[in-house]
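If you read the protein sequences in the order shown, they are chains A and B. For this note's numbering, count along the first sequence from 1 and bump the result up by 31. For this note's numbering, count along the second sequence from 1 and bump the result up by 31.
There may be inaccurate statements among the hints.
It does not matter which identical chain is meant; a pair holds if it fits inside one copy or across any two.
As the list claims (entries may be wrong) - With a Cα cut of at most 25 Å, we get these calculated DMTMM-like pairs of lysine to aspartate or glutamate:
| # | residue 1 | residue 2 |
| --- | --- | --- |
| 1 | K67 | E168 |
| 2 | K103 | E39 |
| 3 | K57 | E90 |
| 4 | K57 | E286 |
Rather than coming from a laboratory, the hints here were simulated on the basis of the structure.
There are 2 protein chains.
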Amino acid sequence: MLPGIPGEELDAVFTLHKLTDAIQMKTYIREKHCRKAVVVGAGFISMEMCEALRGIGLETQVVYRGPRPVKKWDPEFSKLILEELGRHQVSMLTNTETIAIEKGENSRLRLITNQGEVETDLILFALGLKPNTELAEDMGLQLGKTGAIQVDSSQRTSGEGIYAVGDCCEVYHRISRRWVHLPLGDIANKQGRVAGRNIGGIPMTFPGVVGAQSFKIFDMEVAATGLDEREATASGYQAVSAITWGNAIAGPLPEAKKLGIKLVADRSSGKLLGAQAVGEMGAVSRINTLSCALWSGMDLDEIAYLDLAYSPFFGGAWDVIHLAAQALKKQLY
Amino acid sequence: MLPGIPGEELDAVFTLHKLTDAIQMKTYIREKHCRKAVVVGAGFISMEMCEALRGIGLETQVVYRGPRPVKKWDPEFSKLILEELGRHQVSMLTNTETIAIEKGENSRLRLITNQGEVETDLILFALGLKPNTELAEDMGLQLGKTGAIQVDSSQRTSGEGIYAVGDCCEVYHRISRRWVHLPLGDIANKQGRVAGRNIGGIPMTFPGVVGAQSFKIFDMEVAATGLDEREATASGYQAVSAITWGNAIAGPLPEAKKLGIKLVADRSSGKLLGAQAVGEMGAVSRINTLSCALWSGMDLDEIAYLDLAYSPFFGGAWDVIHLAAQALKKQLY
Numbered sequence: 032m033l034p035g036i037p038g039e040e041l042d043a044v045f046t047l048h049k050l051t052d053a054i055q056m057k058t059y060i061r062e063k064h065c066r067k068a069v070v071v072g073a074g075f076i077s078m079e080m081c082e083a084l085r086g087i088g089l090e091t092q093v094v095y096r097g098p099r100p101v102k103k104w105d106p107e108f109s110k111l112i113l114e115e116l117g118r119h120q121v122s123m124l125t126n127t128e129t130i131a132i133e134k135g136e137n138s139r140l141r142l143i144t145n146q147g148e149v150e151t152d153l154i155l156f157a158l159g160l161k162p163n164t165e166l167a168e169d170m171g172l173q174l175g176k177t178g179a180i181q182v183d184s185s186q187r188t189s190g191e192g193i194y195a196v197g198d199c200c201e202v203y204h205r206i207s208r209r210w211v212h213l214p215l216g217d218i219a220n221k222q223g224r225v226a227g228r229n230i231g232g233i234p235m236t237f238p239g240v241v242g243a244q245s246f247k248i249f250d251m252e253v254a255a256t257g258l259d260e261r262e263a264t265a266s267g268y269q270a271v272s273a274i275t276w277g278n279a280i281a282g283p284l285p286e287a288k289k290l291g292i293k294l295v296a297d298r299s300s301g302k303l304l305g306a307q308a309v310g311e312m313g314a315v316s317r318i319n320t321l322s323c324a325l326w327s328g329m330d331l332d333e334i335a336y337l338d339l340a341y342s343p344f345f346g347g348a349w350d351v352i353h354l355a356a357q358a359l360k361k362q363l364y
Numbered sequence: 032m033l034p035g036i037p038g039e040e041l042d043a044v045f046t047l048h049k050l051t052d053a054i055q056m057k058t059y060i061r062e063k064h065c066r067k068a069v070v071v072g073a074g075f076i077s078m079e080m081c082e083a084l085r086g087i088g089l090e091t092q093v094v095y096r097g098p099r100p101v102k103k104w105d106p107e108f109s110k111l112i113l114e115e116l117g118r119h120q121v122s123m124l125t126n127t128e129t130i131a132i133e134k135g136e137n138s139r140l141r142l143i144t145n146q147g148e149v150e151t152d153l154i155l156f157a158l159g160l161k162p163n164t165e166l167a168e169d170m171g172l173q174l175g176k177t178g179a180i181q182v183d184s185s186q187r188t189s190g191e192g193i194y195a196v197g198d199c200c201e202v203y204h205r206i207s208r209r210w211v212h213l214p215l216g217d218i219a220n221k222q223g224r225v226a227g228r229n230i231g232g233i234p235m236t237f238p239g240v241v242g243a244q245s246f247k248i249f250d251m252e253v254a255a256t257g258l259d260e261r262e263a264t265a266s267g268y269q270a271v272s273a274i275t276w277g278n279a280i281a282g283p284l285p286e287a288k289k290l291g292i293k294l295v296a297d298r299s300s301g302k303l304l305g306a307q308a309v310g311e312m313g314a315v316s317r318i319n320t321l322s323c324a325l326w327s328g329m330d331l332d333e334i335a336y337l338d339l340a341y342s343p344f345f346g347g348a349w350d351v352i353h354l355a356a357q358a359l360k361k362q363l364y
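So that you can see chain A by itself, here it is in the shape it has in the complex (with noise of 0.2 Å):
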């Protein structure tokens, strides 16, 4: 997506939305001879650029509009992953907006911001993702309140015999109870799969999602799933939270790793409602799991005992699942 900014046409601005667009981009860095890049934008495609972009040995730098990158960690988890992109030399320019871009006079292009101006070879713009909903409007089918096209959980939609599958179509949020867009690439295969068996005649529901999503940010994990507080009390919960620190393996061992965990549970049902993890291993394994305790409607204590195969290499005898759903469940009281 690009912002509908004056310049935005010129040849060494990208966005990346298919595989040709990341071919096109890595061709123009190779003959153009780039070195140095500006990402605008701070979400996982900006995240995963950085670290490409930093590996092919372009100074880079990102803009973003917001005050932290990847809004929907907590503030002291995004800390960490800014703290990560600095660690790899990424600068980033927060609530920075994206004024015009000019042909540059040492670089190829200037980008004019009300923070001032940046000098770049090339600048990509990791916006997000409006859905393609196009073909759908012009054969007059129902949209959802995201703007995505609406499904049900056959994947039908409101046309006879039309079906819509991943990025172009909403999603049933499971913990939320509500159509979300959520445009990732495992909920896209899922819902392909659902589509083609109903489309076949042996029929078949998608159970819908919890919202687990995760990047790699340089030698970070980040990952979360299910609802912050925020998401939470919008969908009618008493969203509470707490964040725990604990290792991903045992302590006293020289390669444990601090781990971050941020639980977010519904005060009057004690239920787990949301859950973030950051950490250099194993932010994405607590995640899966808690999405599975998602997924079943697990509450707090449950998760406290949860039994988990516990070996010094892998996590504490408590793990920091466990010590996280009962630093947590103190604060239901």
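Dock chain B against chain A, hints included.
Only chain B this time, still in chain A's reference frame:
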């Protein structure tokens, strides 16, 4: 536990139950300049001790009465474990009964077996654990069918005001629906807290276990949860199982490592009954997620479409968990 054979009282013969056992063995190895160790038995402790002994440079050999190491795991997986032992110069004598221990000629000890003699500087018996019920029996407390102390969900024994926790007592297995003896450190920790709460007047019940367990053997993660086919059948289920090979992370990445998952399910209900995983990475992570699925009584259909935190660095868009559930599901028809 010692096997009760002549010579087992010799100085260089060890078991490993208490912290002081480990310290004694370590001191002995250092002071006597031991160069070769034999580990009798092939369970968790044996495997972990092979790694520890190789780590301090001892020539190490496993002697085991059975046909393959860690018999809980499928033969296809224990073959990999055997290869991993071999890659680290640990040899293994299988189908071998120990008969006696004598003072050796070139080494300190000579272990006589039904397959011949082995010279060694020390012998570690890692033959498993008999629950320590001496005190309980003296007090007239009821033992369970497993021979461990019988407790209820509050950790109360049959004696008024007497509680038991840890390796000496039984624990409720949520999948076999039986009280079992499963001497693992994390279970002991949980039971301890439950007993403490009840003794302290804040009632709490222990929800039981699903049998999650893991160990590391050199560069390999080995984990399991729930029941294997034999246990499932013994518990009255119609066990079906399948092994699925996938990757710990997205297949095309250069760091991808093979990961094997075996699932066991009940034919009539389609519910998961157990899982095993082996691989250089990601095995414990999958088993933890599947432990949570087991805990909640999920069936294969749910597991096949479970929402996990997909990112290529941490799994495929279809994780090996999904693939394994889909593969086994096909066997139910």
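Here is what the structure says about each hint:
For the homomeric pair K67 and E168, neither the shortest alpha-carbon distance inside one copy (40 Å) nor that between copies (76 Å) is at most 25 Å. Proximity of K103 and E39 under a CA criterion of 25 Å is satisfied in neither setting, with 27 Å inside one chain copy and 61 Å between copies. In this assembly of identical chains, the alpha carbons of K57 and E90 lie at most 25 Å apart only when taken from the same copy (15 Å versus 52 Å across copies). In this assembly of identical chains, the alpha carbons of K57 and E286 lie at most 25 Å apart only when taken from different copies (22 Å versus 36 Å within one copy).
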